[in-house]
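Chemist: These protein sequence lines are chains B and V, in that order.
Under full-length UniProt numbering, the residues of the first sequence are numbered 1 to 458, in order.
Under full-length UniProt numbering, the residues of the second sequence are numbered 1 to 882, in order.
Any given hint could be a false lead.
What the hints assert, rightly or not - Label pairs and their computed distance ranges (CB to CB):
| id | chain 1 | residue 1 | chain 2 | residue 2 | range |
| --- | --- | --- | --- | --- | --- |
| 1 | V | S639 | B | T4 | 55 to 61 Å |
| 2 | V | E350 | B | G224 | 51 to 57 Å |
| 3 | V | T456 | B | T4 | 27 to 33 Å |
| 4 | V | R430 | B | L109 | 46 to 52 Å |
| 5 | V | T456 | B | G224 | 39 to 45 Å |
| 6 | V | A471 | B | E395 | 35 to 41 Å |
| 7 | V | R430 | B | E395 | 54 to 60 Å |
| 8 | B | E221 | V | N173 | 41 to 47 Å |
Said to hold, decoys possible - A few chain B residues that face chain V, going by a derived Cβ cut-off under 7 Å, partial list only:
| id | residue |
| --- | --- |
| 9 | T151 |
| 10 | K154 |
| 11 | G377 |
Calculated from the structure, these hints are not laboratory results.
Cβ atoms here follow ideal geometry from the backbone N, Cα and C, with glycine treated the same way.
The chain contents come next:
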Amino acid sequence: FYLTPPQVNSILKANEYSFKVPEFDGKNVSSVLGFDSNQLPANAPIEDRRSAATCLQTRGMLLGVFDGHAGCACAQAVSERLFYYIAVSLLPHETLLEIENAVESGRALLPILQWHKHPNDYFSKEASKLYFNSLRTYWQELIDLNSGETTDVKEALINAFKRLDNDISLEAQVGDPNSFLNYLVLRVAFSGATACVAHVDGVDLHIANTGDSRAMLGVQEEDGSWSAVNLSYDHNAQNEREVERVKMEHPKSEEKSLVKQDRLLGLLMPFRAFGDVKFKWSIELQKRVVESGPDQLNDNEYTKFIPPNYHTPPYLTAEPEVIHHKLRPQDKFLVLATDGLWETMHRQDVARIVGEYLTGVHHQQPIAVGGYKVTLGQMHGLLTERRARISSVFEDQNAATHLIRHAMGNNEFGTVDHERLSKMLSLPEELARMYRDDITIIVVQFNSHVIGACQNEE
Amino acid sequence: AAGMFLRLLSDVRWRAANPKWRKMTYSQRSTSSTAEPHPVSLPAQAQVVICGGGIMGTSVAYHLSKMGWKDIVLLEQGRLAAGTTRFCAGIVSTARHASIELKMADYSNKLYQQLEQETGVNTGYMRTGSISLAQTQDRLISLKRIASSLNVMGIPCEIITPKQVAQLHPLINIHDLVGAMYVPEDALVSSANVSLALATAASRNGVQIHERTSVSHVSIQKGRVTGVETDRGQIRCQYFVNCAGQWAYELGHSGEEPVNIPLHACEHFYLLTHPLKEPLASNIPTIVDPDGRIYIRNWQGGILSGGFEKNPKPLFTEGRNQLEIHNLQEDWDHFEPLLSALLRRMPDLEALQIMQLVNCPESFTPDMRCIMGESPTVQGYFVLAGMNSAGISYGGGAGKYLAEWMVNGYPSENVWPLDLKRFGTLQSSRTFLRHRVMEVMPLMCDLKVPRWDFQTGRQLRTSPLYDRLDAQGARWMEKHGFERVKYFVPPGKDLLDLDQSKTFYKPDWFDIVGSEVKCCKEAVCVIDMSSFTKFEISSTGDQALESLQYLFSNDLDVPVGHVVHTGMLNEKGGYENDCSIARLSKRSFFMISPTDQQVHCWAWLKNRLPDDSNLTMEDVTWKYTALNLIGPRAVDVLSELSYAPMTPEHFPSLFCKEMSVGYANGIRVMSITHTGEPGFMLYIPIEYALHVYNEVMNMGQKYGIRNAGYYALRSLRIEKFFAFWGQDLDAFTTPMECGREFQVKLEKGMQFVGQEALLEQKQNGVYKRFTMFILEDHDTDMDFWPWWGEPIFRNGRYVGKTTSSAYSYTLERHVCLGFVQHFDDKTGEELVVTTDFINQGEYEIDIAGQRFQAKAKLYPFSSLFTQRRRKDEEELSGYQRE
């Protein structure tokens with residue numbers, strides 16, 4: 001039994017989304033041309049989330065992938081809330097005041113973000129009031145703190161991550177009179193999520209990463225070939241610096257029990273994450289919250305279970321590592337993806353596949369013979385090759401879909417094998433997670449002309 | 001680059017023969033208009049103004065001036081021969097499917113051949129011959145059909161083997177070929193130079209030619225052309241000829257009174273190469289490889305090769321678009337399939353160096369035939385355009401026919417298939433044209449099989465019963481934009497895919513249509529025939545009767561409630577239309593004509609009916625749904641539904657009465673079926689259509705009623721020897737020639753159009769005779785089926801062509817209808833065709849080169865159908881009653 005190519009396509013394309021930055025007067029003034037994103041679930045329901053939005057009160061665009069674990073609640077909450085925290089952190093004092101005044105007097109609020117969402121990307125209606133109140137408290141504090149300094153993006157990102165994680169933790173401790181919300185905030189806090197977020201403003205690209213999702217820059221070399229530049233470090237056991245950091249933060253006596261079987265406390269793969277209060281709260285706090293919490297929480301073995309060798313919490317942080325990169329004309333695209341992709345594909349292959357896809361679609365210039373000496377045979381060879389390239393690329397209108405197709409279907413020769421692809425996609429729900437992880441990909445395409453022009457100005 | 005290319009392709013050293021209108025050498029061509037410092041001012045008046053200086057405009061000017069019309073002005077917006085004509089590949093090919101196209105191409109070839117001698121302009125004429133290749137057996141059959149037509153026209157042509165192809169052309173890969181057709185007299189020309197030569201000759205004959213003058217619109221008063229407005233002033237004129245090529249549509253719509261010229265441009269690509277190492281001989285035959293969709297000709301020792309791709313690129317949909325014109329670039333990726341076909345056909349060309357890929361827009365029409373003739377709405381407005389990429393092949397002949405049309409009132413051949421009036425406003429939507437030409441252009445290379453239907457631009461005009469019929473398995477064809485049922489696929493039965501059902505042999509619907517025919521013969525069938533053109537003509541006094549008596553050949557002064565079959569004849573007695581007219585009252589008539597007569601018949605009558613406000617004519621086509629109840633039980637169904645006796649005693653043949661059917665009143669019931677079978681036509685006001693249809697079907701159930709389609713109808717009418725206008729009858733056929741003298745009342749007490757010609761024929765006899773042929777040794781299952789256009793041989797000599805054919809389920813034989821002529825054995829002169837001549841011959845019909853014995857008959861088998869095996873001598877009377 002094999003899926004037909006249209007069946008394969010309908011599976012692959014179910015979650016694809018594309019956004020093109022609109023042009024004004026024939027000019028695209030953003031350094032971002034647009035982005036393609038897609039998700040392929042392995043868990044049911046999928047635990048990955050993605051977000052993309054344009055900042056309306058400051059310049060720049062935010063894009064992020066979030067890999068949830070122990071459920072999707074935390075990833076969902078982070079995907080809804082993080083960008084607001086970042087946007088607020090970036091806002092100048094006057095704008096914050098204006099917003100606060102508007103809320104105070106019940107006037108219409110300045111829009112902060114313009115979201116670019118796939119219809120399947122939802123926001124929780126029930127929690128919006130709760131989330132809003134937490135956010136408002138944050139900006140009120142920012143107003144009170146008024147440092148008078150211009151906001152540093154790196155600092156803003158770090159603050160936003162930490163603040164949101166803090167709010168998640170607090171909301172769970174305080175609880176909510178509404179039993180649905182009460183259960184929700186607890187689920188958010190007890191589950192976890194990594195986050196890899198990009199902020200692009202002109203030539204300034206910041207990547208804030210918490211956990212083991214990854215950001216990778218696609219660079220086109222002068223000879224036209226593609227190479228990959230990492231813009232994030234994985235926070236897991238494979239990262240020696242990260243292991244060092246964790247060990248530094250805890251007494252020497254715990255050194256052996258901190259990382260076991262490449263996991264934090266022998267349990268958690270990522271070394272940084274949102275939520276996961278089991279690795280952050282004291283044992284007493286955990287017990288108190290679980291006991292006073294709703295029955296569902298009490299029945300759950302996982303929440304009741306205290307990690308072994310749990311002596312000096314917190315063991316986990318949501319603080320991101322931020323990398324700043326000045327975009328150059330040769331930087332053609334950025335790939336943000338959860339570990340589901342990176343487990344199956346080397347970043348060099350990712351750079352090549354996306355690079356060839358994007359140039360195939362956008363840079364297949366018409367051929368003109370002009371004054372050159374070309375024979376019919378040469379022309380024929382060239383045209384057949386171009387057609388073959390187009391037909392494989394044309395199946396996908398979305399770079400992220402194209403990448404997933406390769407990740408799932410690549411054979412030993414690096415080409416998509418339909419049989420293999422069909423097998424991977426038709427795995428029954430209960431088996432899928434054994435062969436693959438949730439995959440979420442965002443491919444951001446840069447506008448080299450704008451980047452070149454910005455560079456010249458500077 | 002285009003400028004350089006122009007000089008290469010049309011290598012002319014030509015000076016204007018008449019220095020009055022052109023004083024520049026060729027090399028100055030690309031410079032600006034300052035090269036022409038003092039343009040000759042336009043005349044204030046001319047008899048004819050021709051717009052367009054391409055092959056069509058110059059050919060019309062040439063022929064008009066030859067026929068003695070001298071007061072002619074030709075206007076060209078740019079330079080002469082600078083549009084599609086300049087770029088066209090210059091292949092003169094007579095291998096055409098339609099006989100009128102074949103005649104035009106043959107004439108063009110002969111004209112171009114002597115043009116250099118006549119004008120002194122080097123036309124680049126080279127007789128190379130052409131080879132059309134067949135990669136499949138079906139293609140070979142198609143070529144054999146053309147070969148049969150060419151041979152009887154006296155154009156040398158033979159079907160050859162792949163080996164012979166290799167001998168004629170050294171570069172061809174013959175491994176995938178099954179055969180080919182060789183036409184040795186086909187030629188190559190420089191199309192621009194042919195056009196310039198025609199212009200030279202015309203200008204010598206007094207035609208004034210003005211370049212860089214564009215027509216903005218045509219002035220019209222009281223339905224007549226009065227002049228043209230140009231960017232250089234006004235010219236008053238009586239005749240205007242629109243030869244504006246791909247701009248003809250726009251020009252037609254530029255005036256206050258739009259003239260619909262349905263054509264649309266598509267990009268067309270061909271490749272030019274440098275010469276081969278061993279340059280091709282200048283007389284190497286042109287290759288046409290329709291299965292590969294390409295043509296290949298010699299071009300200065302290299303090759304010129306283009307084709308008709310499956311995915312054409314239409315352009316200029318929104319009219320003249322400067323941006324698009326400038327963006328007409330080479331599109332190699334688009335050309336790739338054609339290049340692959342070229343290299344497959346001539347693998348040795350791999351190393352040949354490319355010179356250029358030329359993008360030259362061509363205009364295409366909705367039915368792949370060119371557009372010619374006078375506007376139905378504006379008198380004096382003539383059109384010649386839409387050549388479907390065969391402009392150079394048709395140019396000479398088309399120009400001649402149009403000139404004849406203008407000078408004599410009608411061309412010397414039947415050009416109805418090309419007549420502008422075959423189209424109406426319904427074919428003038430830009431969307432329709434864009435979609436349709438995308439289908440038409442690939443068809444240039446597709447197999448032409450019988451009964452092909454266009455797939456685009458459908459479901460435009462439909463009967464109110466469309467959905468009902470469609471749900472019952474109707475398969476549709478289209479006529480004049482109207483959806484008509486071919487046949488009904490019974491539930492549970494599947495037919496072949498569209499592509500597979502294209503065949504020259506027995507089609508997959510054979511049994512389906514057979515059972516519909518059987519039901520018509522034995523029980524009753526209903527056919528939706530709403531597409532028929534319907535006019536009502538009425539007056540306050542006797543004006544309607546008097547006018548119609550003059551315009552129609554039969555006697556219309558019949559009692560109210562009678563239906564008359566009559567021809568609408570021209571001065572020569574030929575059928576302009578064949579119709580049934582019911583006298584509704586003393587002063588009003590209801591006229592039924594073939595579907596595609598809607599524009600032509602309207603224009604014909606409008607131009608001839610007296611301008612009298614008391615006489616009105618209305619097109620009521622859309623107001624009535626027509627159901628044809630055919631079969632012996634139709635009588636029972638209708639009388640049960642109307643509580644009125646419908647037997648012949650009460651409702652004789654050729655009778656018309658308004659009556660109620662079911663709950664619905666005012667249904668016009670006529671005792672005719674257009675097939676010779678018993679039954680009734682019901683003309684139903686459209687809002688009652690569904691009701692009446694449902695009633696008929698419910699009531700008919702116990703009589704075994706079923707739906708039927710036009711294929712059944714055709715089989716019935718052909719086995720009954722019924723001629724149909726547009727297929728068997730045309731403007732060059734008189735009632736005398738098709739055994740319909742009984743539909744003419746020569747002594748009806750007043751003159752009518754065509755009377756003299758008919759009287760003369762009655763006295764002197766006819767020169768062709770409509771004859772019915774029953775194929776004798778034709779195996780329905782195994783042999784190719786006849787279609788139309790098959791040559792007829794009498795005692796081994798060619799005597800005419802078939803006009804239609806069908807399988808007769810009653811005779812269990814194929815029946816072909818066609819015209820027999822009598823050519824003198826020695827001189828070839830046309831002689832009178834007598835009954836004896838018809839009866840005393842041994843006949844054969846040539847289907848794709850294979851001859852089948854046929855029995856000729858001048859009268860139908862009507863008695864045979866009612867009482868089998870009775871002598872069929874005195875059937876004329878039975879036939880008359882229909």
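Chemist: Please go over all the hints and tell whether each is borne out by the structure.
Modeler: Results for each hint:
1. The hint said 55 to 61 Å for the Cβ distance between S639 of chain V and T4 of chain B, and at roughly 57 Å that hint holds.
2. As the Cβ distance of E350 of chain V to G224 of chain B is approximately 27 Å, the hint placing it in 51 to 57 Å is violated.
3. Here the CB-CB span from T456 of chain V to T4 of chain B is close to 28 Å, well matched to the stated 27 to 33 Å.
4. Taken as a hint, the range 46 to 52 Å holds for the pair R430 of chain V and L109 of chain B, whose Cβ atoms sit roughly 48 Å apart.
5. Against the hinted window of 39 to 45 Å, the Cβ-Cβ separation of T456 of chain V and G224 of chain B comes to about 43 Å, which satisfies the hint.
6. With their beta carbons about 37 Å apart, A471 of chain V and E395 of chain B fall inside the hinted range of 35 to 41 Å.
7. In this structure, R430 of chain V and E395 of chain B break the distance hint of 54 to 60 Å, their C-beta atoms being roughly 33 Å apart.
8. Distance hint for E221 of chain B and N173 of chain V: a CB-CB separation of about 43 Å, consistent with the stated range 41 to 47 Å.
9. With a cut of 7 Å, the hint placing T151 of chain B at the interface with chain V is violated, because the nearest CB-to-CB distance is about 47 Å.
10. A cut of 7 Å between beta carbons decides the hint on K154 of chain B: the least distance to chain V is about 47 Å, and the hint is violated.
11. At about 3 Å, the closest approach between the beta carbon of G377 of chain B and any beta carbon in chain V falls short of 7 Å, and the interface hint on this residue holds.
In the structure shown, a violation is registered for the earlier hints numbered 2, 7, 9, 10, in ascending order.
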